[in-house]
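Undergrad: What follows is each chain in one-letter form.
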Amino acid sequence: MAQRRGSETGGAVPREVLGRIVLVTGPEEFLAERAVQQVRELVRETDAEAEVSETVASDLTMASLGDLAAPSLFSTTRCVTLRRLEDLPDDAGPGLLDYAAAPADDVALVLVHSGGQKGSGLLTKLRKADTVVEVKTAAPTPRELPGFVTAELRGHGSRIEPEAADFLVLAVGHDLRSLSAAAHQLASDFEGRPVTTEMVKQYFGGRAEAKSFVVADHALFGRTTPALEELRWALDGGTAPVLVSSALAAGLRGLARLMSAPRGQSEGDLARAVGVPPWKIKTLRSQARGWEPASLGHAIRVVARADADIKGQASDPAYALERAVITVSTARQSS
Amino acid sequence: MTAAVWDGLVGQAPVVERLQRAVAGDMTHAWLFTGPPGSGRSNAALAFAAALQCPDGGCGHCDSCHQVEVGSHPDVGVTRTEKLSIGVDEVRELVRTSALAPAGRRWQVMVVEDADRLTDQAANALLKAIEEPTERTVWLLCAPTAEDVLPTIRSRTRPVVLATPSTEAVAAFLTSRDGVAPEAASYAARASQGHIGRARALARDEDTRRRRVEVVGIPARLTSLGACMTAAADLHALAQEEATAQTSEHDAREKSELDRAYGVVERGRRPREYAPALREMEKSQKTRAKRRILDVVDRGLMDLVSVYRDVLMVQLGTSAELVNAELRGDVDRIAGATTAEQTLRRIEAVFEAREQMLEFNVPPLLALESLMVALCQW
Ligand SMILES: [Zn+2]
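Just so you know, the sequences run in chain order A and B.
Heads up: the first sequence at position 50 corresponds to 861 in the numbering used here, and the numbers run straight through without jumps.
Heads up: the second sequence at position 255 corresponds to 388 in the numbering used here, and the numbers run straight through without jumps.
FYI, nobody ran anything at the bench for these hints, they're computed from the structure.
One or more of the hints may lead you astray.
Distance windows between CB atoms, simulated [unchecked claim]:
1. B:Ala360 - A:His985: 30 to 40 angstroms
2. B:Thr252 - A:Arg1004: 30 to 40 angstroms
3. A:Ala1072 - B:Arg343: 48 to 58 angstroms
4. A:Asp909 - B:Asp340: 51 to 61 angstroms
5. B:Asp222 - A:Lys936: 44 to 54 angstroms
6. A:His967 - B:Thr356: 48 to 58 angstroms
7. A:Ala1072 - B:Asp140: 14 to 24 angstroms
8. A:Gly1049 - B:Glu413: 27 to 37 angstroms
9. A:Arg1100 - B:Tyr407: 53 to 63 angstroms
10. A:Gly966 - B:Asp253: 56 to 66 angstroms
Far from chain A by the CB rule (all over 10 angstroms, computed), these chain B residues [to be verified]:
11. Arg342
12. Thr380
13. Pro496
14. Ser503
Remember, it's a predicted structure, so these values are computed and weren't measured experimentally.
Beta carbons are placed, not taken as given, at the ideal position from N, Cα and C, and that holds for glycine.
Just need the whole structure built from these sequences, with the hints factored in.
TA: So this is what it looks like as structure tokens:
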């Protein structure tokens, strides 16, 4: 990507960082931290002996700011990180802008602003300086998370199947740090092999949402025994019963919409109409074999009742769920 | 000649007469107003409060009557909640206020609009105040039915039971009070099934009419599983649309009031206490939005029931007027294709879905999908 001075790069860190100011903005802490680390690595690539330091903006005084700009006695390459720029004392602002106007050639200065309105006046002025490159961090939306996971693995030289990326998000949750760590682990343990759903399950299948999904998946495929085993396993492990009933409801909804969608649509249109990611259509199609509209309707009624049972209408939520799982999975088999 | 404050009570002559006798001296310290949604429980309680405070028994135009109407009367406290329950702390505060001497030397009137939402603990705290009332204190509690409050409260309050007003009474009210044309008034009165607020909204608001037309059109469309899923998703989306229309303006106003209270301006610093207050407000707005969606879905369900009620009338061969006269064709077709027994089962299914949503917190979309399947005639 071409870099312009005094510009914004989207998420990427510029190649040239020495003699410049990298302004990292936005509330996404994990991505901001990653940008800081990338700048440091770039500096170390230039000079392995580079001096790396950091400070919080609230501690910055006119004097310490002067140290930043002053040519170092030993003339070493330096990477200086200034965190929580929004807390910069008002009287230090002009000094920082002066530095930005004429930065030291062997210094990479990273300014981290945590988003929000505070200190936005200073940001506006910094953005006007030729030497400032802004890296904006924004948290991916839930829909973008599988893409994030895929990119993480690609960064480690690995690939992941779309379905597996989706399941990883389901299994690990929406925290970027955890997702990134999970991607790293998968990449190093299955080096060179594309990561499949089975591999993700093996490593991260323990989370409640993932367990509920597995139960629902078995039930919708009509696999009663594994569905019941997984249910028992999930409930014993502390999975909330309502997660299972809502996974069943979501699965049945997808199936019902797929089965009643007009024929001859493109995969993309179909996925949109059904409300699932495109790769999921294939799974739904194979699940749909063996379901009739009437049995599917019956299953939906049963799951709604089970959901009410779980939330207080019945004394034993586990029993209510077990019955629902059996009814749903046998509704497919028998038809 | 009845005093003006009673004019807004439609089709409630016996109630008005009873309350007027109370104003004239046949008083007691605690009243329980019950009646179906929209029959005007809280309006009746407020009219009573105004009549008690007015030197002329509820003239409708003096300062006192006006203050009660706009909610600024110093001796009339109104508790209404968007929350699902009223807790004991809130009630203790009310009890303290109720013991104050009225500023206007008449009555200290305490109106509790959703007495059915008192927690047991709150109800017991209230009970004590009702059992040992201060001389000038009057409690006016409102609930859908007498069974919705603790028996101990029920037995210590005098009942005021509002009736569902007749279609004619509602239509006449819309015409005389809101100037609605007779035909539109008659449609709104029928479609609202005696719910005054709903009738007024139907008469006044095009969007409200459109949404109702879509809802009552559902039964005729339920001919396949796909149609059921679509109907459920549509009804859910309609409810969200209407709930948002009702809450968004209110939410925005609340936010700007909060900002002002904390001195927050566009780029300024925020005081430390602002963030938690904002979070608290957003939480209560979310609760309110969720409740609103449930309310709207619930009303949609009652509109659906009105269609099956019409179907049943035709199947039983009664000559009763149809609530949905404009759907005559649909109603006749469904009546011919199914039995009265099936219709009754469908009405039951609507109430089951309602219970699932309101009592057991089943997600509205799931409850609606399940309902549509039960209503379907494939
Ligand atoms: Zn008056």
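Undergrad: For each hint, tell me whether it holds in the structure or not.
TA: Status of the hints after comparison with the structure:
1. Restraint check, B:Ala360 to A:His985: a C-beta distance of roughly 35 angstroms satisfies the suggested window 30 to 40 angstroms.
2. In this structure the hint that B:Thr252 and A:Arg1004 lie 30 to 40 angstroms apart at CB is violated, the actual value being about 58 angstroms.
3. At roughly 27 angstroms, the beta carbons of A:Ala1072 and B:Arg343 sit outside the given window of 48 to 58 angstroms.
4. Between A:Asp909 and B:Asp340 the C-beta distance comes to about 59 angstroms, which sits within the given range of 51 to 61 angstroms.
5. A hinted range of 44 to 54 angstroms for the beta carbons of B:Asp222 and A:Lys936 is consistent with their spacing of about 50 angstroms.
6. In this structure, A:His967 and B:Thr356 meet the distance hint of 48 to 58 angstroms, their C-beta atoms being roughly 53 angstroms apart.
7. The beta-carbon spacing between A:Ala1072 and B:Asp140, approximately 55 angstroms, falls outside the hinted interval of 14 to 24 angstroms.
8. Against the hinted window of 27 to 37 angstroms, the Cβ-Cβ separation of A:Gly1049 and B:Glu413 comes to about 30 angstroms, which satisfies the hint.
9. Remark: the range hint 53 to 63 angstroms for A:Arg1100 to B:Tyr407 is upheld by a beta-carbon distance near 56 angstroms.
10. For the pair A:Gly966 and B:Asp253, the beta carbons lie near 58 angstroms from each other, so the given range of 56 to 66 angstroms is met.
11. In this structure B:Arg342 is separated from chain A by more than 10 angstroms, as the shortest Cβ-Cβ distance comes to about 29 angstroms.
12. For B:Thr380, the condition that its CB be more than 10 angstroms from all CB atoms of chain A holds, with the nearest at approximately 24 angstroms.
13. Annotated as non-interface, B:Pro496 brings its C-beta within 10 angstroms of a C-beta of chain A; the closest such distance is 7 angstroms.
14. With a cut of 10 angstroms on Cβ distances, B:Ser503 falls inside the contact zone with chain A, its closest approach being about 3 angstroms.
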